[in-house]
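Chains as they are written, first to last, in full-length UniProt numbering: chain G, 1 to 211; chain W, 1 to 223.
Rather than coming from a laboratory, the hints here were simulated on the basis of the structure. Be careful, since some hints might not be right.
Residues of chain G placed beyond 10 Å of chain W at every Cβ, according to the derived structure [stated by the list, open to error]: (1) Leu-13; (2) Pro-81; (3) Ile-90; (4) Gln-113; (5) Phe-123.
Not the full set, but computed from the structure, chain G residues with beta-carbon under 7 Å of chain W [said to hold, decoys possible]: (6) Val-57; (7) Ser-60; (8) Ile-61; (9) Pro-62; (10) Leu-64; (11) Ala-65; (12) Val-68; (13) Leu-110; (14) Val-147; (15) Ala-148; (16) Phe-168; (17) Phe-172; (18) Phe-175; (19) Gly-183; (20) Ile-184; (21) Ser-187.
Just so you know, even glycine gets a beta-carbon here, dropped at the ideal spot from N, CA and C.
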Amino acid sequence: MITYLSNNTDVILAALRQHIVLALLPVLIGFAVALPIGYLGVRFPRVYHPLVNVCGVLYSIPSLALFVFLPVILGTKILSPLNIVVALSIYTVALLARTVADGLRSVDELVTQSATAMGYRRFRRLVDVELPVALPVILAGLRAATVANISLVSVGALIGVGGLGQLFTRGFQLFYLEPILVGIIASIALAAVADLAIVLVQRLITPWSRV
Amino acid sequence: MNLSYLFDAAHWDPTLSGGIPQLILSHLGYVALALLIGTVIALPAGLYIGHTGRGSFLAINAGNAGRSLPTLGLLMLMVTLLGLGLTPVLIALSVLVIPPVLTSAYAGMRSLDQRVVDAARGMGMRPWQVLTRVELPMALPVLMSGFRSAALQVVATATVAAAVGLSGLGRLLIDGLAVNDYSRVLAGAIVVAVLAVGLDLLLALVQRWVVSPGLNPSPKGPS
Chain G
1 MITYLSNNTD
11 VILAALRQHI
21 VLALLPVLIG
31 FAVALPIGYL
41 GVRFPRVYHP
51 LVNVCGVLYS
61 IPSLALFVFL
71 PVILGTKILS
81 PLNIVVALSI
91 YTVALLARTV
101 ADGLRSVDEL
111 VTQSATAMGY
121 RRFRRLVDVE
131 LPVALPVILA
141 GLRAATVANI
151 SLVSVGALIG
161 VGGLGQLFTR
171 GFQLFYLEPI
181 LVGIIASIAL
191 AAVADLAIVL
201 VQRLITPWSR
211 V
Chain W
1 MNLSYLFDAA
11 HWDPTLSGGI
21 PQLILSHLGY
31 VALALLIGTV
41 IALPAGLYIG
51 HTGRGSFLAI
61 NAGNAGRSLP
71 TLGLLMLMVT
81 LLGLGLTPVL
91 IALSVLVIPP
101 VLTSAYAGMR
111 SLDQRVVDAA
121 RGMGMRPWQV
131 LTRVELPMAL
141 PVLMSGFRSA
151 ALQVVATATV
161 AAAVGLSGLG
171 RLLIDGLAVN
181 DYSRVLAGAI
191 VVAVLAVGLD
201 LLLALVQRWV
211 VSPGLNPSPK
221 GPS
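Just need the whole structure built from these sequences, with the hints factored in.
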């Protein structure tokens, strides 16, 4: 294990770097897209149930199928990392749009009414009152999406772009345990660090929830 | 993008090995076995932890830990350790089932109104009777939602079995990709998604059937 690590440091670090980009970029894109969609689900109650159902169906598409199929729709090369980024962004939106809607719906009616009575317009009230109150729910969804993305990236290795997943396929092809173990451990560690980072950010930006 | 592979009757011949019906059957076989094994392990553990409150930390964190484990890596690790075959695939997929079932069994047991449990005990029910006749039926809605999300995940993930030489709908994806036959890949993706949604609907029906009507608060009933 140690010799494998020291002989292949460059390969492992490159895989890790690619893994981080492929997993976290979609989280940012997905979050940015999910916020307005989730808001629509609250603003127009009729949209809520169709929204939840569409998200559920999107999430049930196997990642492998989406990875190989996006090039056909987007016209990208099969080996383009863009396929992975778009696919994972879709999953992130599917997970987060619902969470954002649920978070905003969980805001106490009395709170929004008080804000309105204090003179808040709709948009200011959303940004200054409703979103901050809904943050714990939304960030819980963000944690789940981040962790899921980090473990999904490796499936991309089956089509040649998979960050740490490439260590899995290499080990599998050579019947060699070390790369697979290193890949799994690095992937879990990355997920744990990202999860912890979001928890810390949450503590920083929602000081009122600390007891 | 075209649907010719999916709508070609020759690929739907039930006797054809490698035809879509047989791939669906083997796919569902992996899913059923993985759900069975995972549930047999996770359900008693979750109920026990929820009932006694011992080991709550494990039940709460199993969900997150499970999500972060890359299934493809686990599968390839198991194949490297055990050789090709059904066992490594079932291990990898069962591991996927355990976290949601364990966490939801625990959450279901914790969500019970403790007064109901006390009342059952006060009526003279034995611990086993309290568990099977009161706690389990009342925890069922939460438990079923965990089971359904596990089923959804396993149906989608069972496609990776094809990456280590097994059957299932992943064959359409892997083989289609290998020969640049995107019509076949699309067929695989659609059949898996339909299967996942269909299974979820079926489980939703099962849930309506097994959950006691008294647990579905109706607007007319007493609150």
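Hint check:
1. Leu-13: Its Cβ never comes within 10 Å of chain W, the nearest being 18 Å, so this holds.
2. Pro-81: With a cut-off of 10 Å, Pro-81 of chain G remains clear of chain W, as the shortest Cβ separation is near 17 Å.
3. Ile-90: Check passes; 13 Å lies beyond 10 Å.
4. Gln-113: holds (24 Å)
5. Phe-123: holds (35 Å)
6. Val-57: Hint on Val-57 of chain G: holds, closest Cβ of chain W at ~6 Å, below 7 Å.
7. Ser-60: holds (4 Å)
8. Ile-61: holds (5 Å)
9. Pro-62: holds (4 Å)
10. Leu-64: The hint holds - Leu-64 of chain G has a Cβ within 7 Å of chain W, the shortest such distance being about 5 Å.
11. Ala-65: Holds, because the Cβ-Cβ distance from Ala-65 of chain G to chain W comes to roughly 3 Å (cut-off 7 Å).
12. Val-68: holds (5 Å)
13. Leu-110: violated (21 Å)
14. Val-147: holds (5 Å)
15. Ala-148: This hint holds: Ala-148 of chain G lies near chain W, its Cβ roughly 6 Å from the closest one there, short of 7 Å.
16. Phe-168: This hint holds: Phe-168 of chain G lies near chain W, its Cβ roughly 5 Å from the closest one there, short of 7 Å.
17. Phe-172: Nearest chain W Cβ about 4 Å off; hint holds.
18. Phe-175: holds (6 Å)
19. Gly-183: holds (5 Å)
20. Ile-184: holds (4 Å)
21. Ser-187: At about 5 Å, which falls below the 7 Å cut-off, the nearest Cβ of chain W leaves the hint on Ser-187 of chain G intact, so it holds.
In summary, the structure is inconsistent with hint 13 from the numbered list given earlier, while agreeing with all the others.
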